[in-house]
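First to last, the sequence lines map onto chains P and G.
First residue of the first sequence? That's 356 in the numbering used here, and the numbers climb one at a time after it.
First residue of the second sequence? That's -2 in the numbering used here, and the numbers climb one at a time after it.
These aren't lab readings, by the way, just hints derived from the structure by calculation.
Treat the hints with caution; some may be incorrect.
Here are the simulated SDA-like pairs of lysine to any residue, each with C-alpha atoms no more than 20 Å apart in a straight line [claimed, not checked]:
{"id": "1", "chain 1": "G", "residue 1": "Lys655", "chain 2": "P", "residue 2": "Ala478"}
{"id": "2", "chain 1": "G", "residue 1": "Lys496", "chain 2": "G", "residue 2": "Ser601"}
{"id": "3", "chain 1": "G", "residue 1": "Lys13", "chain 2": "P", "residue 2": "Ala433"}
{"id": "4", "chain 1": "P", "residue 1": "Lys443", "chain 2": "G", "residue 2": "Arg22"}
{"id": "5", "chain 1": "G", "residue 1": "Lys431", "chain 2": "G", "residue 2": "Asp724"}
{"id": "6", "chain 1": "G", "residue 1": "Lys568", "chain 2": "G", "residue 2": "Glu581"}
{"id": "7", "chain 1": "G", "residue 1": "Lys496", "chain 2": "G", "residue 2": "Glu581"}
{"id": "8", "chain 1": "G", "residue 1": "Lys13", "chain 2": "P", "residue 2": "Leu438"}
{"id": "9", "chain 1": "P", "residue 1": "Lys477", "chain 2": "G", "residue 2": "Arg653"}
Partial list, computed: chain P residues near chain G (C-beta under 8 Å) [stated by the list, open to error]:
{"id": "10", "residue": "Tyr367"}
{"id": "11", "residue": "Gln437"}
{"id": "12", "residue": "Phe445"}
{"id": "13", "residue": "His446"}
{"id": "14", "residue": "Ala478"}
{"id": "15", "residue": "Glu481"}
{"id": "16", "residue": "Glu484"}
{"id": "17", "residue": "Leu487"}
{"id": "18", "residue": "Ile496"}
Quick look at which bits of chain G chain P covers, simulated, 3 or more residues with Cβ under 8 Å [claimed, not checked]:
{"id": "19", "stretch": "194 to 207"}
{"id": "20", "stretch": "533 to 542"}
Yeah, the Cβ is synthetic: ideal placement off N, Cα and C, and Gly gets one too.
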Amino acid sequence: MRITVTVDGTSYTDEVEPRTLLVHYLREQVGKVGTVVGCDTSNCGACTVHLDGHSVKSCSVLAVQADGCEVATIEGLARDGQLHPVQKAFHENHALQCGFCTPGMIMQSIDLLADNPDPDEKAVREGLEGNLCRCTGYQNIVRAVRDAAHQMRPGAGPEAERLASDTASRVGAGGE
Amino acid sequence: MTSTIEPEVGKARRRKEDERLIAGRTRWTDNLTLPGMLHLAVLRSPFAHAKIVSIDTSEAKSAPGVIAVYTGKDLDPESAIGMPCAWPITPDMKAPRRPILASDTVNFAGEGVAVVVARTSAEAHDALEGIDVDYDELPVVLGLENALAEGAPLVHEELGTNQNALWVFDSAAAGTGSDVEDAIANSEVVLKRRFRQQRLVPAFMEPRACVVDPTGNQLVMWSATQVPHILKTMTAATLGIPEHKVRVIAPDVGGGFGGKIAVLPEEMMSTLIAQRLGKPVKWTESRSETMVAAHHGRDQIQDITVTANRDGTVTGLKVELLADMGAYLGLVGPGVPILGAFMFNAIYKFPAYHFACTNVFTNTTLTDAYRGAGRPEATFGIERIMDELAVELGMDPMEIREKNWIKHEEFPFTTVAGLTYDSGNYEAATAKAKELFDYDGLRREQRERREAGDPVQLGIGISTFTEMCGLAPSRVLGSLDYAAGGWEHAEIRVLPTGKIEVITGASAHGQGHETAWSQIVADKLGVPFEDIEVLHGDTQSSHKGMDTYGSRSLVVGGVAVVRAADKVLAKAKPIAAHMMECSEDDLEFDAGKFSVKGTDSSTSLQDIAWAVFSAHDLPDGIEPSLDSADTFDPENFSFPHGTHLCAAEVDTETGRVKLRSYVCVDDVGVVVNPLIVEGQVHGGLAQGIAQALFEEAVHDEGGTLTTGTFADYLLPSAADLPSFTTDRTETPSTTNPLGAKGVGEAGTIASTPAVVNAVVDAVRQFGVNDIEMPLTPMRVWHAIQHQSVAEGGLGSEAGGGLGSVDASGGAR
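Looking at chain G on its own, in the form it has when it is part of the complex (with noise of 0.2 Å):
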């Protein structure tokens, strides 16, 4: 039987999500208020590494409308309390304790010291300055390798050493290749380079805020967060706090960027206090604390060996990275690079790889996920070599991609890093990004003005990424030794009249999830788009959850919806059977109603939903019922992949660096909603060219953090980013039903090598075989005036190289 009804998968419906947001009436955590609520207001520490000597409170505690100041000694006198990490990356990773407020010792600067909790959040803040804290300053440690130096201060004394973990994966050992030491010796082609992935913020819209009300029987927190689930279980673990007596709520959340994945100390604070006084109390932090108090990202020296034949055939891949935590671990930091560690090989059949990183504390804010965690610092740093390694070969960029990538008749394909690709059409996507790019006109019109020596040369840069997305599978998580695994839960309630409840685990701060879940439901129960309310981000409601991240929700948590769906079914089929007299096999389900087959006697899902509520004659033994649970584990991950195009414009003269256009063609599997995966698209990309052109957070020698602010640190504006020609290939996943493949961090993850290929490109000829990022106009007029190349470009430099550490914010 064939529906009239059209699908609603594949439509590009306008977003449930917008009515209330364009229209002001929002629910962000800092518009929470309660009755007799009390505000914080943190003191943060100037200094990156110092001891506490004493800290006097009394004049803050005397200050107008203060209810009471708290040290780290008065919330926690044992120094007991410990944030978590949820992911021990080896046996022996070193892991030291991060208070809620520093007490002994401060380890970067930013990091709370003392706490005010007063009327209003004026006179918080107000009483801040009150407060007299006594340091003694210690030497300060900053930059990879610097912190790995013989002899180098460290930042925990008790650990003995600044090397948080050593992380490697060897082909040879793994059993999934070859040894990468053998390529080496024997290839024709070694190609050795160092690139730096600088340490990027977040910088969610939205600063981080909670409200905690303790004078319920639960325990309830509203907070600015991604992950309401892992923050009610980790709060309860941490505080000692029986679980059911905590309820999570994450109302509407200003973006996240895996900035939002934390467990803060500053939600444990305020739950700390709020139990204490009795009453309920709000924090919100300033823009100027996000800065230095939220974890940041990449932050990653990478050096990277690969290995060739002279016709081009890659035959190995070396990969040695140094990732900076910052001075504490988040609650996934650790994990974070080791994640790459599956995607450096990324579409090419490196037949050996050697895979280690070492991570490294540093008197820094600590780093922790940022969009596409690992995985844009693994592309970046594979596609920015291919690159290289065509110059040495004298080949195009593209065609020693072709030679080296997985075939779309080779998959499903297990990579020399053990995962298996399902799917994928490399060839395809590639062939329509080159012609919505003008490929080959493009590389004559560069070569025309090499030849007239312009002063604004053309560059052109690739990227022809994967990655690993729909974290996910709980066995592959659980060898990877992180702590919690990773299915999706979801519920699906059919009220009496026959409206529909959806229940997901994934907390939403911005991807559209009411709306493509809604249409996923509508099809498969054939009840109409409006008639569907998606409820989640409370753990009173969606009580099982994993939360967002991970470019997870759609092909976990949205396939967990699938499956909920069909055990509706299920469940309402004896019932129509019953209803209708008929025998089971006789029915079939089309657009919300079960028919007789061959008749045209009929049943709607909304008839059978007031049958299942009166419940006055239901099939003997049928519990009166429809509602329904799954929970999803699959057993793969999915692998998104693309090609990006970048023509780049440089002023050879200035340094000024212009996105001349910007082409990308995705594959993202099977589509919910063509409008969301859209956008989803842009503002990744919008991320990952700020990556290569504007960001960065650069620390003073002190460890100060130098950009501070939004004046400070270039986000850019609707004027610094050309319009992006997007598109897509369709091939779908084999690992979910939907054939969805995940799209949050496509972008993000593709675009940042594009745009650095492109620019190299455009000034190659001025002997320029790296500059690194931010691309800022005087690195590129620097580069063009030193041809300044990447072999021995760390660590010769003034400041000795330290990372993301730049007195001069990269004027030198």
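Here chain P stands alone, though its shape is the one from the complex (with noise of 0.2 Å):
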């Protein structure tokens, strides 16, 4: 089947099988091996990513699901240069070790702070339910997270967060 998607700002025309995961196509046609698959259960939210602005568990998703989607990836957060706040607070709190969750827990933080600027740590724990981290015992990811909040708390998150929103209501689409 011919699908065409834009991943993190580019748009990409492809065949792909039926039941071509989204992360298969992400990783093996598009080339962003920034995602990556942790398991085979939809437990461990490596392979977060953002499917019209929602994040899913791009493992769930099958790439036919996101024809005519944008697509954001750990790897297109980045603008001109600057790293995402939530990247950003990451580093500065210590938050990844090994780094393998990291692509998708910082998916997840991102849509986690659209739908609420302000998370105390309750909720910042149980945001990040559906992503599992063998390294952190998760304390930093949730100062980190709480940090991101107070970092982007004056003026909305940057692009990419204003196009979350935006389209937030449009599209039900995703594996959730």
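The two chains are supplied separately, each in an independent frame; assemble them into the complex guided by the hints.
Pasting the structure below:
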């Protein structure tokens, strides 16, 4: 099947098998290997990307379901060489060790902050429940997300976030 | 001369590693694609024990995209290849051959039996369905005591027994203490308990993968491994490839926790196939494959006898272990429980000690190192029984520990297990922890809740632990029959422009070596942190190393870096003297410059580097290079310690456990980067707490792993864990020039007994003195209802107490 998907701002038209998962399409056909596969039961969240502004586990979405959609991955977050505030906060707060869960964790955190710009600790922990990390014990991840919320507070999020809220009501696609 | 530059060591530097990792610019093995690369998929046995009658691969071979299908017999017709075990713990240890793919018998559910090679991964996996294996089922051996019982079916018929080895340490025989049997006969109190260490899955986030490229002069293997150097040597030894024709690269590796210390049958399989086809191949496992095929950890039954006088002075300790090896021996699997032999006596002054460990084969996934490897098991056993002894004697559990631990003025202290602890201050760590925890206040609240009959009871758990880390002294490892040494290698290259490359034989997979090693070298050579690049994990650049495990990287590998830096300065000094036309004796080095004492004349390391590069005017007989290497082999381990305190609220009506607070004060010696240390402690705590409360690898009666996915194996999420209060005391290690001790495993080792002690403490008034891990709500509730006690617990319940075999998933 032929699909056209915009990934990190670039439009791609490709032939995919109907069964191809979005994560495999991203990794194997588009070359977005920053998004990773950590499990096969949609528990770990390492493959989390944004589909039309909403976080989805890209192992739970078929590539054909993304036809005509915009996908944002960890590789497209930085703008003009500037890291996204959540990326920066993960670095500043030592919220990663091996870094394998990090792409998914950051994408989910951005989605969480779009929904709740000022989450308390409990809200962060619950908002990240679908993303597993084996290295950090989560404490610094929670700290990073709350720190990012603080950094982003005055002027809302960058472009990617505004896209998220604009299209949130329009699209019901996704695998959640 | 005093430096005005703030030292790097001790600074909470943000990590260099992060820049790529937070941007998705990563080099996981599975990301690699090479021209013409083929993909592998492994067919795994659904049976735990069966004869392979026949394997028909004809249909799979004609499936779309398939290039080849191989069985064990195809890859190894002579059945000559066996996976290496580097730790024959006794001369008569039974070691079955572990094939690359099973060809006659499968011995655990998940063992590979055939492999498909195809143009895409999807095609390879599709073709697995076209392989027809005819199995003849054999009796399945599960459970440690079952496996040792008279007439038990055998995992390996040819060995004639399921016992792998019996390893014994006795303080009377070793001359390190008295006879424990005398203590048992003569002590006022003799307390015997049985504890169980359930089986765990290491559950690194990146599934294992390898890519093998046979097209160059050297065969190149990329692997998601902790041990690229060991893997290179073992690949050569296992497959008979000349070692200089193999290059191994560990690119970005997504966690290991001991789970990637192995040399894999899949790595050997990929190598043989790549050689045979002359094409690069990639094997990447699914998570479901990881769960059954990657080694598990823990899985012991511990019979512990402690003896004491009525005043609380301990007089003896006897430990009898049964340890489940699974179906085969991993790279260091048999030695893992043996590491515990040196740690059961912990921080206490036992005069008599006996340790005996029986390693056992069962039809399960093999076990090997998992974060702590032998030491968490030992710490759990001793810290649990110290609590039980306190109850027996009517003492506060902290009081009995204080009475028996080594006092700070008694260091260095040679223990009853024969190790010499160089330094420590248990009093200081405990005092700090008690204060942060409000120990007295929580004890008061506990009393009040008990008196009021509150449905939510409060328990306090203590773990005053130590561990041996920095695996390490080669002579000690040799005395334990370990096949390799424990040194580590480092090199420093001073580039012409004065920038520095540091090469380390440690192989980071999340630890932050690039940052910490840069801090160390920045201080030693006086160069900016940013001017240092750390290279590792590729046997071409880092040709020599022993890799990363056992909290060894800093205290062995980091010290090698320090010593290499000293050699750089020693080489630079005569050149500096020559350049400034002075005597070497008149020079001093500080902040990256050699200065002539009492003058303002100086020359920087950068100037010297260029002078060396041009080599136009060097002193006679001096080689034009500042590059230096060092291989460091310490004479002793280092011994981190700490006091962990856990307050647990137990809902007695539902059995639910909530961690109210968790305080730990760790003493890991001198700290290079406090941010990294804190992160290591957090992650370690999460894994130790998860053992106490959540995780267990459960097999059904047929040997099928029922917790075979992340939907079934309860890895804690952010919502399942509390925030921890962490702090440190700093008693420098005297066994290395950094004064560091190692921190990678401390949190995991200490936390499990703290949590279990807290929960048992909360419900002890209901007649409970033990609950098996993981402390699920059902188990806790059941314990309260039925006054569960440790004695006679295992072996009497349904299923026969099959170690980590529990068809009901703990729902007894």
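Status of each hint after checking the structure:
1. With a CA separation close to 17 Å, the supplied pair lysine 655 of chain G and alanine 478 of chain P stays within the 20 Å bound.
2. Between the alpha carbons of lysine 496 of chain G and serine 601 of chain G the distance comes to roughly 12 Å, so the proposed pair stays at or under 20 Å and holds.
3. For the hint linking lysine 13 of chain G to alanine 433 of chain P, the alpha-carbon distance of about 18 Å falls within 20 Å, and the restraint holds.
4. Note on lysine 443 of chain P and arginine 22 of chain G: the hinted pairing holds, with a Cα-Cα distance of about 15 Å set against a maximum of 20 Å.
5. Taking the CA atoms of lysine 431 of chain G and aspartate 724 of chain G, the gap is about 12 Å. The hint holds against a cut of 20 Å.
6. With a C-alpha separation of about 11 Å, the suggested pair lysine 568 of chain G and glutamate 581 of chain G falls inside the 20 Å cut-off, and the hint holds.
7. At roughly 24 Å between alpha-carbon atoms, lysine 496 of chain G and glutamate 581 of chain G are farther apart than 20 Å, so this suggested pair is violated.
8. Restraint check: the Cα-Cα separation between lysine 13 of chain G and leucine 438 of chain P comes to about 15 Å, which is no more than 20 Å; the hinted pair holds.
9. Between lysine 477 of chain P and arginine 653 of chain G the CA atoms are separated by roughly 18 Å; this keeps the pair inside 20 Å, and the hint holds.
10. Against a cut-off of 8 Å between C-beta atoms, the interface hint on tyrosine 367 of chain P is violated, since the closest Cβ of chain G lies about 17 Å away.
11. Interface restraint check for glutamine 437 of chain P: the shortest CB-CB distance to chain G comes to about 11 Å, outside 8 Å, so the restraint is violated.
12. At its closest, the beta carbon of phenylalanine 445 of chain P sits 5 Å from a beta carbon of chain G; the interface hint therefore holds under the 8 Å criterion.
13. A least Cβ separation of about 4 Å between histidine 446 of chain P and chain G falls short of the 8 Å threshold, and the interface hint therefore holds.
14. For alanine 478 of chain P, the suggested interface contact is broken, since its CB lies about 10 Å from the closest CB of chain G, more than 8 Å.
15. Using the Cβ-Cβ criterion of 8 Å, the hint placing glutamate 481 of chain P at the interface with chain G is satisfied: the shortest such distance is roughly 5 Å.
16. With 8 Å as the threshold, the beta carbon of glutamate 484 of chain P comes within range of chain G, its nearest partner Cβ sitting at about 4 Å, so the hint holds.
17. For leucine 487 of chain P, the shortest C-beta to C-beta distance to chain G is roughly 5 Å, which falls under 8 Å, so the interface hint holds.
18. At its closest, the beta carbon of isoleucine 496 of chain P sits 7 Å from a beta carbon of chain G; the interface hint therefore holds under the 8 Å criterion.
19. Residues of the stretch 194 to 207 of chain G with a Cβ under 8 Å from some Cβ of chain P number 5, which satisfies the need for three, so the listed coverage holds.
20. Taking a C-beta to C-beta cut-off of 8 Å, the stretch 533 to 542 of chain G contributes 0 residues in contact with chain P, too few for the three needed, and the coverage statement is violated.
Checked against the numbered hints above, the structure violates hints 7, 10, 11, 14 and 20; every other hint is satisfied.
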